[in-house]
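Engineer: Sequence:
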Amino acid sequence: MKDRSFDPANEAEFDAVADGYEAMHQKSIAASGEDPAYFARYKRDVLVRLFGAAQGQPVLDFGCGIGNLTSLLSPAFREVHGYDPSSRSVAHARERAPGARFYERVDDIPKSTFGIAVLANVLHHVPPADRRELVAEVAARLLPGGHLVVFEHNPLNPLTRKAVADCAFDKDAVLLRSSETRGLLRGAGLEGVRREYIVFFPKALAALRGLEPRLAALPLGAQYVALGRKSG
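For the sequence shown, our numbering begins at 718 and goes up steadily by one.
These are calculated hints, taken from the structure and not from any lab test. Computed from a predicted model, the values in this text were never measured in an experiment. Be aware that a few hints might be false.
[Claimed, not checked] Label-pair restraints from in silico Cβ distances: (1) 752 x 829: 34 to 42 Å; (2) 932 x 818: 35 to 43 Å; (3) 909 x 804: 34 to 42 Å; (4) 949 x 919: 38 to 46 Å; (5) 882 x 755: 16 to 24 Å; (6) 767 x 815: 22 to 30 Å; (7) 889 x 808: 21 to 29 Å.
C-beta atoms are modelled at their ideal positions from N, C-alpha and C, and glycine is treated no differently.
Construct the complete structure from the given sequences, taking the supplied hints into account.
Structural biologist: Written out as structure tokens, the structure reads:
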């Protein structure tokens, strides 16, 4: 992959929204009753649940944006790295996660280094024709036995589709069904690929959130997580 800084668009476009991204995101998810920090914590908790025994391994947050998730990974995992093509976004991320290491060029990210690599709501910004190459590039950064974890919006959920349609930052987004995401992971040579649906209940129904682990197979969640393991 020639270093386009993974460009789903270009650095200038991401820089332009970095300062106002939090407010833009908050507006688009208003129907959930939650704020962006809730969804970042949710992802952090999923990762801790999946990889509690691997918390000493280096983690890469690829497409980290302004660092909402990166800042929460730093206390949970021993060594955290983040990548984003937007220098303005990375500046925000550094403030939020001062203990993490950041990159603005794909070529600067070391290969065969990370026990866990995360693509958190990144792929829907990447043109479909470029997704396979991108996933392969991220997989190349994994240690043997490491995992690539993808969080994505579930296009089968109508509220998710509305939230994406209402977000100016997502104006060019193309959502992926979980079957496509799993195919991308397998295409990168990853093994044991699986998927769980997540984020089922808005804040008004928070009392029911304890049921979510039992619903993981139902394609009703607002998002899903898919993961695969690098052989070795």
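Engineer: Quick check: which numbered hints come out false for this structure?
Structural biologist: Of the numbered hints, all hold.
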